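Q: In order, the protein sequences belong to chains A and B.
Using the working numbering, read the first sequence as starting at 1 and increasing by one per residue.
Using the working numbering, read the second sequence as starting at 1 and increasing by one per residue.
Quick caveat, the hints were computed from the structure, so don't treat them as lab data.
It is possible that part of the hints are untrue.
Pulled a few chain A residues facing chain B out of the computed Cβ check, cut under 8 Å [to be verified]: (1) V14; (2) L21; (3) F46; (4) A54; (5) L56; (6) A59.
Values in this document were obtained by computation on a predicted structure and should not be read as measured data.
By construction, the Cβ of each residue, glycine as well, lies at the ideal position given by its N, Cα and C atoms.
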Amino acid sequence: MTEVRTRWLLILLVLGQLFLLAAQLPAPGTQASFLETAALRAVAPFANVVAAGARLGGAVVQDLALRRTLVAENRRLRTEVVELRQRTIHLEGLEESVLHLTEAVEYAEGANYPLVLADIVFIDHTSWLQTLVLSVKEGTVSVNQPAVVAEGLVGRVVVASGPYAKVQLITDRSASVGGMIDRTHRQGVVRGAGRGSLELDFVPLQADVRVGDVVLTAGIDGIYPRGIPVGTVVAVEPGSELFHNIRLSPRVDFGVLDVVYLIERESVPERVKEALPDEEP
Amino acid sequence: MRSLRFAAALVVATLIHVAGARLFPDFSSAIDLFLLIVVFNALDGNTLAGMLGGLAAGLVTDALTGGPFGIHGLADTIVGYGTAYAVQRLVIQRVTGVFQMFALAAATQQALLMGVSLLLLPSPEAPRILWLMVRIVSSGILGSALYLADKRLRSTAEGWQTARSSKIRFDK
Numbered sequence: 001m002t003e004v005r006t007r008w009l010l011i012l013l014v015l016g017q018l019f020l021l022a023a024q025l026p027a028p029g030t031q032a033s034f035l036e037t038a039a040l041r042a043v044a045p046f047a048n049v050v051a052a053g054a055r056l057g058g059a060v061v062q063d064l065a066l067r068r069t070l071v072a073e074n075r076r077l078r079t080e081v082v083e084l085r086q087r088t089i090h091l092e093g094l095e096e097s098v099l100h101l102t103e104a105v106e107y108a109e110g111a112n113y114p115l116v117l118a119d120i121v122f123i124d125h126t127s128w129l130q131t132l133v134l135s136v137k138e139g140t141v142s143v144n145q146p147a148v149v150a151e152g153l154v155g156r157v158v159v160a161s162g163p164y165a166k167v168q169l170i171t172d173r174s175a176s177v178g179g180m181i182d183r184t185h186r187q188g189v190v191r192g193a194g195r196g197s198l199e200l201d202f203v204p205l206q207a208d209v210r211v212g213d214v215v216l217t218a219g220i221d222g223i224y225p226r227g228i229p230v231g232t233v234v235a236v237e238p239g240s241e242l243f244h245n246i247r248l249s250p251r252v253d254f255g256v257l258d259v260v261y262l263i264e265r266e267s268v269p270e271r272v273k274e275a276l277p278d279e280e281p
Numbered sequence: 001m002r003s004l005r006f007a008a009a010l011v012v013a014t015l016i017h018v019a020g021a022r023l024f025p026d027f028s029s030a031i032d033l034f035l036l037i038v039v040f041n042a043l044d045g046n047t048l049a050g051m052l053g054g055l056a057a058g059l060v061t062d063a064l065t066g067g068p069f070g071i072h073g074l075a076d077t078i079v080g081y082g083t084a085y086a087v088q089r090l091v092i093q094r095v096t097g098v099f100q101m102f103a104l105a106a107a108t109q110q111a112l113l114m115g116v117s118l119l120l121l122p123s124p125e126a127p128r129i130l131w132l133m134v135r136i137v138s139s140g141i142l143g144s145a146l147y148l149a150d151k152r153l154r155s156t157a158e159g160w161q162t163a164r165s166s167k168i169r170f171d172k
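With the rest of the complex left out, here is chain A (with noise of 0.2 Å):
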């Protein structure tokens, strides 16, 4: 084509496009020209399309975001429901421990001592849970330190080495501990019998015992504070001789022990037991 048509085609189409522009213009609001209708018709796909890409990649990258977001959160999740385990855990042994530093609290009241938990390491089951073996700490254990729970009397300390300490129990056959029954505050010993149980010695005939009846610690002996129930009558008989024969229940079930707490209290010397009125201290 040559320069010349092509100019004439030019002037053409730009009073052709003038003319539809011209056209559009005296009715504003009225329908649209065939051509753009046409135009808007070939075009609006592509928007479409667009749009529609747009709308999935938007979703793609939304949901990407989101599992990125999702995965982060499932393993700071996962870190802290281990977190949280551990801290149950370590929470739950608190409240076991705030548990038995209530009882010593409430038991401290009571009796006016100071007390320190000790945890038991060893039972001997051999000779019928006669001796339990504490975790201490070192050099704060002494010998004959009374050993008790909340439910009352367990021994005394027979043996202190290191972080380790060894208590007697009251239901050892060689355990005597000066009792008294709470009801009457008639005084007499209390002697292991094995078994697990426990006998009160001389108490006379003529005292009044009742089946019942809850044993004290008297705080004769030296060693155990007054006041510390130790058990509970269970059968009371006469005696062949002056004494009544008095079987005891102990008021701790040692089975169920894996804690106890020692008193910290000094026993009475040796020396002071055994000195004589006229004697010089």
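Let chain A serve as the given structure and place chain B on it in line with the hints.
A: Just chain B, lined up with the frame of chain A:
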């Protein structure tokens, strides 16, 4: 082949235009991809191709924008023809020349749009000078980049073709 290439470029420009407008509301104010295609198409000096390319691209722009239908068609037709006409008479070898050509085309298009609007519309919108400048500059920059990329692509293709033909040996 040329018209197919032009149609493909128009499709790509449409997609980018729509996507750009979705992502950045001012995209179409800052960049006119259709004008770039029109000017690039007219850079070989073919006035008929430039004019028809301008018409097609302008009508596509009209379909995508508001205002009276055909206003961009008219402006781009004249721009396409004018660019090809100018290229016939000017020797453009440097990138700065290409930049000026694209920037001038953008300015001309805007002037035509404003002129036609003033002629035909009862209350035409005043042009936003800042965006006008941005569009002129962006057209210059993007047009130059397009021109350079095309040049490099052609040179690479020619190099590859030369290397390929030099490997052919004829044994006697």
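Q: Against each hint, give a clear statement of whether it holds in the structure.
A: Going down the list of hints, with the structure as the test:
no. : hint : result
1   : V14  : holds, 6 Å
2   : L21  : holds, 5 Å
3   : F46  : holds, 4 Å
4   : A54  : holds, 5 Å
5   : L56  : violated, 12 Å
6   : A59  : violated, 14 Å
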